[in-house]
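Can you build the whole structure from these sequences, using the hints too?
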Amino acid sequence: MSLVFDMALVAGLIALALHVVVTRDGRGAILAFMAFGLLLGIGWARLASVDVALTEAAIGGGLTGMLLLRAQAHLVRHAAHPAALPTDRRRWLVPALSCGLVTLALAAVVLAFPRPAPSLAHQAVASLEATGLGNPVTAVLLAYRAIDTLLEKIVLILALVGVWSLSRDAAWGGASQLRPAIIPEPLVFLARVMPPFGVLIAVYQVWVGADLPGGTFQAGTILAAMALLVMLAGLRLAPQTQSRALRLMLAGGPALFVLVGFLGVAVAQGFLSYPEAIAKPLIVGIEAALTLSIAGTLALLVAGPPDRAPEP
Amino acid sequence: MGLADAFTLICVVAGAVLFLAGTLGLLRFPDTLSRLHALSKADNLGLGLIVLGLMPQQASLMGGAKLVCIWLLAQLSAATASQLIAGIAARRKPQA
Amino acid sequence: MSAIALTSASLFGLCGAALVGIGLFCILTHPDLLRRIIGFNILGAGIFLVFGAVARRGAAMGLSGDPVPQAMVITGIVVAFAATALAIALLRRLASLTGSATLEAATPPRSET
Numbered sequence: 001m002s003l004v005f006d007m008a009l010v011a012g013l014i015a016l017a018l019h020v021v022v023t024r025d026g027r028g029a030i031l032a033f034m035a036f037g038l039l040l041g042i043g044w045a046r047l048a049s050v051d052v053a054l055t056e057a058a059i060g061g062g063l064t065g066m067l068l069l070r071a072q073a074h075l076v077r078h079a080a081h082p083a084a085l086p087t088d089r090r091r092w093l094v095p096a097l098s099c100g101l102v103t104l105a106l107a108a109v110v111l112a113f114p115r116p117a118p119s120l121a122h123q124a125v126a127s128l129e130a131t132g133l134g135n136p137v138t139a140v141l142l143a144y145r146a147i148d149t150l151l152e153k154i155v156l157i158l159a160l161v162g163v164w165s166l167s168r169d170a171a172w173g174g175a176s177q178l179r180p181a182i183i184p185e186p187l188v189f190l191a192r193v194m195p196p197f198g199v200l201i202a203v204y205q206v207w208v209g210a211d212l213p214g215g216t217f218q219a220g221t222i223l224a225a226m227a228l229l230v231m232l233a234g235l236r237l238a239p240q241t242q243s244r245a246l247r248l249m250l251a252g253g254p255a256l257f258v259l260v261g262f263l264g265v266a267v268a269q270g271f272l273s274y275p276e277a278i279a280k281p282l283i284v285g286i287e288a289a290l291t292l293s294i295a296g297t298l299a300l301l302v303a304g305p306p307d308r309a310p311e312p
Numbered sequence: 001m002g003l004a005d006a007f008t009l010i011c012v013v014a015g016a017v018l019f020l021a022g023t024l025g026l027l028r029f030p031d032t033l034s035r036l037h038a039l040s041k042a043d044n045l046g047l048g049l050i051v052l053g054l055m056p057q058q059a060s061l062m063g064g065a066k067l068v069c070i071w072l073l074a075q076l077s078a079a080t081a082s083q084l085i086a087g088i089a090a091r092r093k094p095q096a
Numbered sequence: 001m002s003a004i005a006l007t008s009a010s011l012f013g014l015c016g017a018a019l020v021g022i023g024l025f026c027i028l029t030h031p032d033l034l035r036r037i038i039g040f041n042i043l044g045a046g047i048f049l050v051f052g053a054v055a056r057r058g059a060a061m062g063l064s065g066d067p068v069p070q071a072m073v074i075t076g077i078v079v080a081f082a083a084t085a086l087a088i089a090l091l092r093r094l095a096s097l098t099g100s101a102t103l104e105a106a107t108p109p110r111s112e113t
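Those protein sequence lines, which keep their order, are chains A, B and C.
Following full-length UniProt numbering, the numbering of the first sequence begins with 1 at its first residue and continues without gaps.
Following full-length UniProt numbering, the numbering of the second sequence begins with 1 at its first residue and continues without gaps.
Following full-length UniProt numbering, the numbering of the third sequence begins with 1 at its first residue and continues without gaps.
Hints were generated in silico from the structure; no laboratory data involved.
From a predicted model like this one, the values you see are computed outputs, not experimental measurements.
Mixed in with the good hints there might be a few duds.
Unchecked claim - Pulled a few chain A residues facing chain C out of the computed Cβ check, cut under 7 Å:
id : residue
1  : D6
2  : V52
3  : A96
4  : C99
5  : A117
6  : L232
7  : P305
Said to hold, decoys possible - Capping the alpha-carbon separation at 20 Å, the derived lysine to any residue pairs in SDA-like fashion look like this:
id : chain 1 : residue 1 : chain 2 : residue 2
8  : B       : K66       : A       : P213
9  : B       : K93       : A       : Q269
10 : B       : K93       : A       : A210
11 : A       : K280      : A       : Q269
12 : B       : K93       : A       : I182
13 : B       : K66       : A       : A210
The beta-carbon is built from N, C-alpha and C at its ideal position, and this holds for glycine as well.
In structure tokens:
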């Protein structure tokens with residue numbers, strides 16, 4: 001019975017993905033992609049990966065959709081927009097065949113997975129005691145494979161530097177223009193009512209992420225959404241990207257992470273290893289700082305390069 | 001099957017039927033405002049019934065409270081989105 | 001390998017394989033660069049789903065899945081978002097400079113890119 005539900009879900013996912021590729025309507029493709037992200041979130045919940053489901057629904061369905069919609073509105077105003085796939089058969093037949101081959105090869109791999117399935121669950125659970133955490137996914141992210149998470153933070157910052165560097169020279173250090181020309185009343189209302197709840201939910205997510213599904217990425221995305229909502233409704237202007245406080249907040253999370261990493265060299269077994277007695281407080285501290293910098297980075301990535309000259 | 005399970009079953013099925021009706025309305029109704037009407041029905045009542053139905057299945061009071069919070073937040077965002085879409089539809093109408 | 005029991009995990013794995021093909025096709029053939037960026041995200045979603053199938057199969061020790069692939073997917077989703085944001089910023093700049101959201105007009109002789 002549950003397999004029938006999964007099949008319907010998979011059919012919906014593939015149909016939406018195909019719609020994204022073949023439709024002539026650019027905005028429709030983006031909306032289909034957002035629906036795809038939300039359905040995929042349900043798919044991840046069906047795979048019993050609730051942490052991933054939360055991340056996918058928040059980023060794949062939410063933030064990426066907003067990024068794409070803003071880009072589309074910009075492109076419609078500034079550029080000639082080719083809409084459809086090429087109709088000439090020579091131009092799509094060979095790619096279609098080779099992509100089909102890739103799919104077939106991957107499907108063969110999926111069906112030929114070794115059994116019994118290899119799993120690191122044993123090791124993950126065995127060392128869980130030492131970290132003081134209850135959620136093994138958080139333990140992997142912040143303890144066993146902390147170096148990956150640290151590098152990922154740095155990738156996020158680098159992407160933001162890349163986005164900022166695309167601004168015009170005159171606008172360097174300025175702010176992005178997020179506020180639309182006409183701000184509808186209901187949006188302002190939502191932007192006044194929602195953020196307190198959003199902040200509460202984000203704090204809850206970070207705190208509960210130590211033991212249950214949740215964590216820094218999900219919380220950071222919610223905070224970023226709240227910040228964007230406030231800026232879209234014009235209640236606050238987007239921050240100046242040259243602001244020292246803003247840059248400190250963005251760099252603070254990774255900086256603390258690196259600092260704790262070197263602390264591990266001094267007092268524990270090596271880089272990024274935590275002294276066992278205070279592992280949990282350290283991890284929760286890093287998570288709190290990371291959440292703030294992730295939220296800032298994600299919101300500014302969506303806001304895009306600054307396009308107003310900085311005010312002193 | 002206990003009384004609680006029967007209650008859950010009835011409420012969730014009723015909610016699912018409302019979602020189905022709302023989706024049909026979204027696809028078949030002729031203009032923006034009536035489509036919005038169909039959608040809000042599914043959002044408010046359908047989700048409400050599903051939340052109500054899941055109430056007896058919760059182990060703790062906290063779980064139930066969280067479900068109600070989800071419903072209230074969905075209401076808030078759905079109401080705002082409906083207002084925004086209706087506002088745009090009303091502004092476009094005179095020209096059409 | 002003889003009798004393949006279709007489990008929920010392998011079903012989502014196969015879905016991931018299909019999404020990889022669809023996303024790749026979109027990246028290769030669609031003239032609209034924004035649509036190619038969406039295709040890149042679909043491709044990523046497919047790869048993550050294959051990881052999800054691996055994670056689900058690794059359920060052991062009372063966990064519902066292997067936490068290592070799950071953590072890798074979370075990292076991957078965030079990195080894919082960062083890459084998308086950078087690509088979109090580049091595309092917006094390209095459109096402002098050339099007035100076109102495609103590579104075709106810019107390089108007419110080699111339009112097969």
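Going through the hints against the structure:
1. D6: For D6 of chain A, the interface hint holds, since the closest Cβ of chain C sits about 5 Å away, which is under 7 Å.
2. V52: At 5 Å from the nearest chain C Cβ, V52 of chain A passes the 7 Å test, so the hint holds.
3. A96: holds, 6 Å
4. C99: Status holds, d = 4 Å.
5. A117: holds, 4 Å
6. L232: Constraint on L232 of chain A not satisfied, violated at 17 Å.
7. P305: holds, 6 Å
8. B:K66 to A:P213: holds, 15 Å
9. B:K93 to A:Q269: violated, 69 Å
10. B:K93 to A:A210: violated, 52 Å
11. A:K280 to A:Q269: holds, 16 Å
12. B:K93 to A:I182: holds, 18 Å
13. B:K66 to A:A210: Holds - the C-alpha atoms of A210 of chain A and K66 of chain B are around 19 Å apart, at most 20 Å.
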